[in-house]
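Enquirer: Residue numbers (our numbering), protein chains in the order written: chain A, 1 to 771; chain B, 1 to 160.
It is possible that part of the hints are untrue.
With beta-carbon atoms standing in for the labels, derived distance ranges [stated by the list, open to error]:
#, chain 1, residue 1, chain 2, residue 2, range
1, B, A115, A, D740, 54 to 62 Å
2, B, T147, A, D740, 38 to 46 Å
3, B, P137, A, L408, 56 to 64 Å
Treat the hints as calculated values from the structure; they're not laboratory data. Small disclaimer: the values here were computed from a predicted structure and weren't measured. In this text, a Cβ means the ideal position worked out from N, Cα and C, and glycines have one as well.
Listed here are the chains, written in short residue letters.
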Amino acid sequence: VAAPERIENPWGERTPLAAGADWPERVDAHLTVGEGEVERWVRAASILHSDGDAYDLAVADGRIVGVRGRADDRVNRGRLGPKDLYGWQANHSPDRLTRPLVRAGGALEPADWDTAMGLVAGRSKELLAEAGASTFGFYTTGQLFLEEYYAQALIARAGIGTNHVDGNTRLCTATAAEALKESFACDGQPGSYDDVNHADTIALYGHNMAATQPVLWMRVLDRRAGPDPPLLIAVDPRATPVAREADIHLAPKPGTNLALLNAIVHELIERGWVDRSYVDAHTVGFEELQQATAGCTPEWAADICGVPAADIRRASEAIGSAERLLSTVLQGVYQSHGATGAAVQVNNVHLLRGMLGRPGCGVLQMNGQPTAENTRECGANGDLPGFRNWQNDTHVEELARIWNVDPLQIPHWVEPTHAMEIFRYCEQGSIRFLWITCTNPAVSLPELARIRSILEQERLFVVVQDIFMTETAELADVVLPAATLGEKTGTFTNADRTVHLAEAAVEPPGEARPDLESLLDYARRMGFTDRDGAPLVKFGDPESAFEAWKECSRGRPCDYSGLTYGKLRESGGIQWPCTEEAPEGTPRLYGDGRFFADPEYCESYGKDLLTGASIEETEYRATNPGGRAILKACEYTPPPEEPDGDYPLALITGRTIYHFHTRTKTARAPELNAAAPEPWVELAPADARAAGVEEGDLVEVVTPRGRVRAPARIGGIREGVVFVPFHYGYWDVDGDGAHDRAANELTITAWDPASKQPLFKAGKARVERAS
Amino acid sequence: VKLGIAIGEVADAERRLATELERVGERHEADHDVHHLSSTLASISRAHVEALAPIGERYGSEVGDADGGTSGVLGTVREKASELTGRRPEAGLLLLRDLRELFLLASEVSIGWTALGQGAQAARDRELLDVVSRCHPDTLRQLKWVTTRIKQAAPQVLVS
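All chains should be modelled from the sequences, with the hints used to inform the complete structure.
Expert: Below you can see the structure in the form of structure tokens.
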């Protein structure tokens, strides 16, 4: 059977786009019934990537029967990618979790909600009394809705009072947030997708946009098909669709992005491609940056990166002579050694060139997951809600006032605990209660043998809330069945600050219920109260949670106060900040050269990028009293592990366009599963020859941490590098108990010192023919 | 002129700091950030010793080489031991104690650089002054890292 057209050609037909023009509409749809049979169309947007493609779900007979892109939405103008078109089918998968489960005598047994929640609350109360708040950890996701994250942040930070709240967004978006905090002293995406319409040069750093945000890539391809196509620069060790389309493709050795970017910045300064009046008026740190990159010539970087110096010069010249430059950054940078330093250098490029906040002049520090942006805003990851600064007592007092709690109840004596440290505390036994919402660390975290052994510990009480029996849920003490997109109402925000409302179209299956309901149930059972003895959580449904969040965000950079559910129903996606003064939202930040960096207002005083050491308030005030953007640099140092005689290759992991995260949904959509049913191992022809491997041979990738078996695909990657997709786990293979399929059996436990993002694209490996 | 003595003292202190950083890294393999970063920070201290060597020579001070690392058999033993103790709550207390020790060693280095910088100015020794102004910020960075890491570790170790 031939694959559907949009599996074969994921980006569809071109609708050419001239510079500065509006992106033409193109409505994509996939219906499993005749259009006449559709009873209702219900507003939603994609939660299988971070692009925020807006669509309507088609409903017939109480079931979702299809999807159609919304032509009126700024993000996609009707277009949909393959995961948007087919992914919703997982909702009706027969193996959805429909009842709570509790562990009894070693096995998970069905139970009613009262029993399951009674256990969770009972264990919590016991532990809180016996050992205190710091024995609690909450590990959340990038797929809940804003309302749910806000409830989670409130419950964990003020209810329990633990600092150990983070999400799997640590794996996808932490460096984006950190890089923005380092350069602008505050999170918040500077650019807009509309910058693609205007740019004359687009540079993609470690960003396989064709696979990760296919609809945004359609916009780039449409510009490329237009009368005045932008120049395209790609930095990627693989020959991705982006790299093949690019005019300049640099393929550095894994772990050397920082050296490459230091050289590009060196060239900009050396060749005078710097807007001195912008730099003088709006930044601090130019001299330090100049000094730090003084020795970083293209020849110096060529040696480290394995990229010809002439190519680095060519790329630098293109960047230096662009008039409307758009840069995007993703996991190739964020999950590699030197992550924050390299991402910050991309910000520096734009500050040096004075190219921010104008049409076509923007930075998009991207993220992988659909609602990752909301974890950052709401404080469900390593931040306080509303981009508040944990080092600023006034910010904490303000938050305490909004929540009506004692400021000391909200942990703020140190940066909120990052995910890798939360698992470390579990390993050490100092966290004894871990609530995992809608994510699958038993497949997605590095060094899985270690993660499994942590989750299996008897002394750790694990609650897993999910829609399927994942590899992680298998290890839980209590499993809570959840509802997903199309079965619950809420808002979420994409990578360019566009807020969408998604509404319930059908009922969740069985006894499954929205995540918000489970969280509110927990808060009630725990009896959390505010300073006056009233319930701590004062909202009871999505819309009242959204209203509460609006108050928390008011006056902060991520200001939602001008938004309502009604407005989002009327006008589709709107970019925050959306206020009384900017009721239509804000396409771009920093156009006026003013930043959220004032010492009183900023979210972060920054860190030392090499070590992650916090910069204190007094130092920040002294170096940046006027709240300008910060030109910051970090020297290149070698990665924590490099190829050697036993393990001659560099291992990188990554994704395919057809799957999301650990495939819990996408493998249950027939078209997507058929498009990429099994993992593979990608290696260069010379490395294949050296290992005696031919196309399609079953091979083993071996690292000091584990081994993975999969067929070889030869070509499309830099010599000396081996690639394994990370989506695949064990739930859909016949269980002989072997752990030889998930890429994270191989990966190293290491993270970027500043952003704490795990380095999935690091570490050494060898490839052998499997016997 | 006693600058030679001061140079030798800073070099010795840097060497002690480097060695201790490496030891701490080996001892805390299960605290992966400490494990990985301590070797980067140790190599910074060793580079400082190398930078001081030619100037020390001018003042008749034998700075010695940058090595003195303790890897090898002992290091492997420490790494194995750290794997075994990594699961125990006491590992947290041990980490806190080791970080405090690093703070003290780095403080000694830092105040040594301060004194040396004063001497370099009084001696109008531009070359030495350059080394001091290049190296001392690294030491302050090491100190800030240790401080941040202690602030991070202490609440969990002391209260949970």
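Enquirer: Give a verdict on every hint.
Expert: Results of checking the hints against the structure:
no. : hint                         : result
1   : B/A115 to A/D740: 54 to 62 Å : 59 Å, holds
2   : B/T147 to A/D740: 38 to 46 Å : 43 Å, holds
3   : B/P137 to A/L408: 56 to 64 Å : 35 Å, violated
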